[in-house]
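Q: What follows is the residue order along each chain.
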Amino acid sequence: MSTAPATTTSGSAFTSDALPFTDLAVSDQSSFEIRDGAVLLRGSVSRSSGSRAFPARLVCHETGARDMEPMTFGPRGTLYSYSTVHVSSSRPTPYTIGYVDFDNGVRVLAQVESAGEMLACDQPVELRADGARWFVSPVSQQGASA
Amino acid sequence: MSQAYIVGAAMIPMGKHRDSSYSGLALPAVLNALASAGVAPSEVQSVVCGHAFGGMLTGQRIVKEMGIASVPVTNVDNACSGGATALHLAWKDIQAGRHEIVLVIGVDKLTQFGGGTLPLVLEDPEVQQGMVMPALYAMRARRYLHERGAQPSDLAEVSVKARRHGAKNPYAQFRKEVTVDEVLASRYICEPLTLLQCCPTGDGAAAVLVVSDAVRRRLGLPAVRIAASILHSGAMTTGFRDMLRPEITYHSASDAYEAAGIGASDVDVVELHDAFTIAELVYYEALGLCKPGESADYLKSGKTTYGGDVVVNPSGGLLSKGHPVGCSGVAQAVEMYWQLTAQAGARQVDQARIGLSHVTGGGIAGLDHGACTVHLFERAL
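From first to last, the protein sequence lines stand for chains A and B. For the first sequence, this note's numbering assigns the number 1 to the initial residue and increments by one for each residue that follows. For the second sequence, this note's numbering assigns the number 1 to the initial residue and increments by one for each residue that follows.
Just so you know, these hints were derived from the structure itself, not from any lab. Since the model is a prediction, treat every value here as computed from it, not as a measurement. There's no promise every hint is true.
FRET-style restraints, in silico, Cβ to Cβ [said to hold, decoys possible]:
#1 307/B <-> 29/A: 48 to 58 Å
#2 38/B <-> 80/A: 36 to 46 Å
#3 350/B <-> 90/A: 48 to 58 Å
#4 57/B <-> 92/A: 24 to 34 Å
#5 96/B <-> 78/A: 39 to 49 Å
#6 245/B <-> 69/A: 53 to 63 Å
#7 66/A <-> 125/B: 48 to 58 Å
#8 111/A <-> 42/B: 30 to 40 Å
#9 56/B <-> 69/A: 26 to 36 Å
The beta-carbon is built from N, C-alpha and C at its ideal position, and this holds for glycine as well.
Working from the sequences, and respecting the hints, build out all of it.
A: Printed below as a string of structure tokens:
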């Protein structure tokens with residue numbers, strides 16, 4: 001890099017495509033946004049293949065193409081399955097997590113919070129937010145905060 | 001049976017990449033290696049990933065992100081030889097006709113430990129006594145100074161050459177030249193080895209694509225033939241070991257030369273395991289580049305730099321380029337590919353045709369080292 005700016009990455013020089021992804025850096029970008037009161041997740045979609053993903057990423061997981069663009073989705077989804085965790089090496093217990101299927105074809109692992117009502121597979125859920133945190137709750141639960 | 005060839009290679013610049021995960025480190029190297037060979041992720045038939053500290057499923061965590069699916073992914077730990085062992089396994093599978101396109105990855109992130117010496121396995125009785133990697137090499141250095149009548153400045157000259165070479169390598173972690181006085185004035189890590197005689201803590205990733213002869217012909221790209229790929233483990237002794245004659249490297253090198261029908265004097269360019277200055281001197285002798293007892297003079301006479309007999313560590317070696325342990329064997333193969341296909345830019349070794357790479361691995365009680373890999377490469381016509 002000390003000589004002429006490289007146009008392609010090779011043994012003699014490199015361009016920005018050789019730099020490691022700083023995927024562990026603390027992001028100033030939230031993983032969700034609120035639009036007209038609805039909580040939407042920020043994922044990404046490949047310009048060439050159309051592959052969709054959450055969280056947002058830099059590389060298409062189907063082709064390796066570096067052409068991911070921003071995509072938002074939600075707030076409604078379907079609870080595919082779920083579990084309340086009582087023993088965990090990663091977080092204080094108990095807590096409930098579940099897989100939520102969105103109509104764009106993306107499945108997301110989410111915190112599930114309910115106000116006492118029973119959960120069920122295939123139940124409609126929606127995205128909610130509390131400060132910087134997002135989660136899902138059953139749709140029947142009204143009066144969510146934003 | 002097929003010969004095995006490297007047809008694509010890439011790495012990331014080595015350094016302290018604290019904000020990158022293992023996949024974040026490796027993906028640019030993997031994508032650029034594939035791109036340089038014009039091979040799509042879906043064409044890769046097998047993946048071997050060398051690492052020492054990546055944790056479970058390191059290779060899968062990388063390739064799942066970029067379109068390599070379902071094919072066998074094997075993760076290899078052999079301490080510092082992990083990456084070179086991954087290359088060895090790829091070579092074996094191509095040779096056996098089992099696969100035609102194998103992706104080899106080497107990756108490690110040492111900044112996760114915060115600094116200091118490499119964490120060794122606490123089950124080991126010598127580690128329990130306080131063994132750390134620089135101490136092993138320091139004792140080797142102490143013995144070298146004692147037996148050879150050498151001076152600490154003879155050791156320091158290794159770092160001076162490494163930094164001079166590394167200054168021309170954009171991928172090197174250290175790109176500033178140093179003097180003998182600066183090397184000797186830096187603080188002790190393990191006496192007599194000073195800081196500037198030890199490879200740095202750092203993070204890196206490298207990838208090469210190994211293919212069969214049929215695929216090489218189809219691609220029609222510059223290629224490097226793997227002329228020999230040798231992996232040895234150490235032999236236990238509870239008795240006296242001559243620390244200036246590391247038997248695992250002597251045996252691996254001699255097997256490699258025999259397998260390839262290539263002699264030490266045929267080699268144009270070498271990347272050897274200079275984790276500490278003393279290692280380079282001892283390995284000149286073990287690899288047959290000079291006679292036993294002559295290594296210090298061999299270095300000082302300029303025989304191992306540009307214009308000499310053989311250019312040793314044109315990349316800057318582990319001392320300058322960096323040594324993210326499981327990455328290093330693959331990073332060496334990347335350098336060999338660039339050197340032997342005349343793509344090494346300002347550090348190009350003129351007319352390089354035959355290359356040798358060498359990595360050892362690990363410190364465990366009773367062994368010289370736990371692993372050693374020697375590869376011979378030849379420019380393909």
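Q: Provide an ascending list of the numbers of those earlier hints which the structure does not satisfy.
A: none
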